[in-house]
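Student: One-letter residues, chain by chain:
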Amino acid sequence: MIGLSGVGFSGVTGRGMVLLVLTALGLAVAPLVADRYLVSVLTTVLWFAYVGQAWNVMMGFSGLLSLGHALYVGLGAYVSAALFVHFGIGPWAGMILAMLVAVAAGCIIGFLGFRFGVKGVHFALLTIAFAEVARIGFDHITWVGGSGGFFLPVEAGASDPLNLRGSPLLFYYVALALVLGALVLSRVLLHSRLGYQWLAVREEPDAAEASGVDLFRARMTAVAVSAALTALGGVFQAFYFNNLFPEQVFSMGRSIEIILPAIVGGIGTLVGPILGAFILTPLGELLTFLIEAGGLDLPGLKQLFYGVALVVIVVFRPEGVWPWLARRLRLVRQPGEGA
Amino acid sequence: MPIDYYLNIAASGLLTGLVYGLAALGLSVIFGVVRVVNFAHGEMMVAGMYGAVLLGGWWGLDPLLSAPVMAALLFASGWLLQRGLVNKFVERPEHMQFILLLGIATILVNAMLMLFGPDARNVQVPYSFDTVEIGPMLLDAVRLRAGAAAIVVAAALFAFFRFSRTGKAIRACADNPLGARVVGLNIDRLYALTFGIGAAVVGVAGALMTLLVDARPQLAPEYTLLSFIIVIVGGLGSLPGALLGGVLIGMSEALAGFLLTPSLKSLFSYGVLIVVLLLRPQGLLGKRS
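Heads up: the sequence lines are chains A and B, in that order.
Under numbering that gives the first Met the number 0, the first residue of the first sequence is numbered 0, with each subsequent residue one higher.
Under numbering that gives the first Met the number 0, the first residue of the second sequence is numbered 0, with each subsequent residue one higher.
Think of the hints as simulated: they come from the structure by calculation, not from any bench.
The beta-carbon is built from N, C-alpha and C at its ideal position, and this holds for glycine as well.
Errors might be hidden in some of the hints.
Claimed, not checked - If you want a taste of the chain B side facing chain A, the calculated C-beta under 10 Å gives, among others:
id, residue
1, Leu-235
2, Gly-270
3, Pro-280
Can you build the whole structure from these sequences, using the hints too?
Tutor: Here is the structure:
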């Protein structure tokens, strides 16, 4: 599978590492100069970078296409929000149960899919079907508001980091920590025994099995890791936006937004989802801004743009922007460099 | 009395299911031949719905008469789409195809949202509220016409694949692309033709659907998934299977909507899908690969 054998950290030169560290530092100090709006845009960017990274564990590392990742976001969001609203349990504790529930859902899908040999488009549809079942199901669970939405109590000016209540700045740094944490975790996993098994399963499942890789276990762990990470993104979302609607949280459109950063940045690469989010979200925001400045009201334009981005990328840069960019930059800076 | 009631609901579900089945037939044709899964199928169907709504609004055209117009328009778009974009992806990894078509679906649904707005739109027909008495059943005239039209179109499609030279060539392509190429068939042309036919069929299904449901952009992803469910339940690549699956899903939705709450009816379809995927992944009429 050409296009998947991406450029990870391993291919990044010292120069690349410096660039990464500088980017991270830049993001760490960004709120000092950025205004409120910019911080909120950056928080959205980081959120998509994070969930994109989480999705990448399944598709990018293990070759399992999930088109229903909104399920894990939604489960994480609803479980942590319900624990907080109904039992007063804060998100730092609640996220453990949130992750467990998402992992359980992922394991059910994975078990059904892998045990019964559901492959390719059928597996993708299985993931969509479960997300849709959750969407319709949560519409009818009145304990968490049903289709009318579930709201977290908001106190103006509250600062209670222990319950993830506070200023936008708090959320910005939590999102940044999530992205860096997921990046490091992905890097560690990818260079572990498990990571090599994932890659083998992705490229040549039969050969991997013949050389002793337990396909079922490797795939199940990929689903579990991805579901758990994505659920954390859901916890963040619940406490950041303070409202949850099944129609939005579990929607097919949300699942597509989650897969976008990795596809645009580069499926199977470590930096790809982050780069993809940094390309897409600001462009989407800019588009919205321009349209509003022009006095027009066009709902759907941002999503239309995302659709165009998807088509353009998959036609012209199927391996994503990051592998291409990384190659280009190194070529420009150091032409005679070996591998 | 209660038996008549259930009979009535089952018959209504069957008629709606025929239109569902027609839509799924389009998906099945494209998958069976081009081997590409059309993730933009529901979007094409809703395009057919809006076409019928517009034609009805401008010239008071009955959706049954708009259907051939939408068939022609969607045939052309499907043909161009295959020629221009999808054909390059036939040999690419599966997930690339999905992503391409998801992108196209996203563009289509949001373009329709921008053009027509989120509100429901319908077509006025003089027989909207007429009912027809058949034995103990009382059926809506609109439903009867939509179902009958779906049968006619499906029959025409079956006849085309069974008897016409082009239809046979397309089937040869589906059975063995390499062999078809060897005997001198122009695969690229036949693929474009097939994608066009699939799009035309779903366009007709969309036009017919306006007799039963108001057009909304939000319907598009639902119809994509519904068509998938039907095709998988009936058997991927099996044309009679798609029709049978449509009827089954239509009837079970109608009964579930009556026995439970209407908003839970699609949950039932997903349940059916999950069970079929696990127990008989090749579908009811599909062959084991």
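Student: Now look at each hint and say whether the structure bears it out.
Tutor: Checked hints:
1. Leu-235: Constraint on Leu-235 of chain B satisfied, holds at 8 Å.
2. Gly-270: holds, 8 Å
3. Pro-280: With Cβ-Cβ at 6 Å, under 10 Å, it holds.
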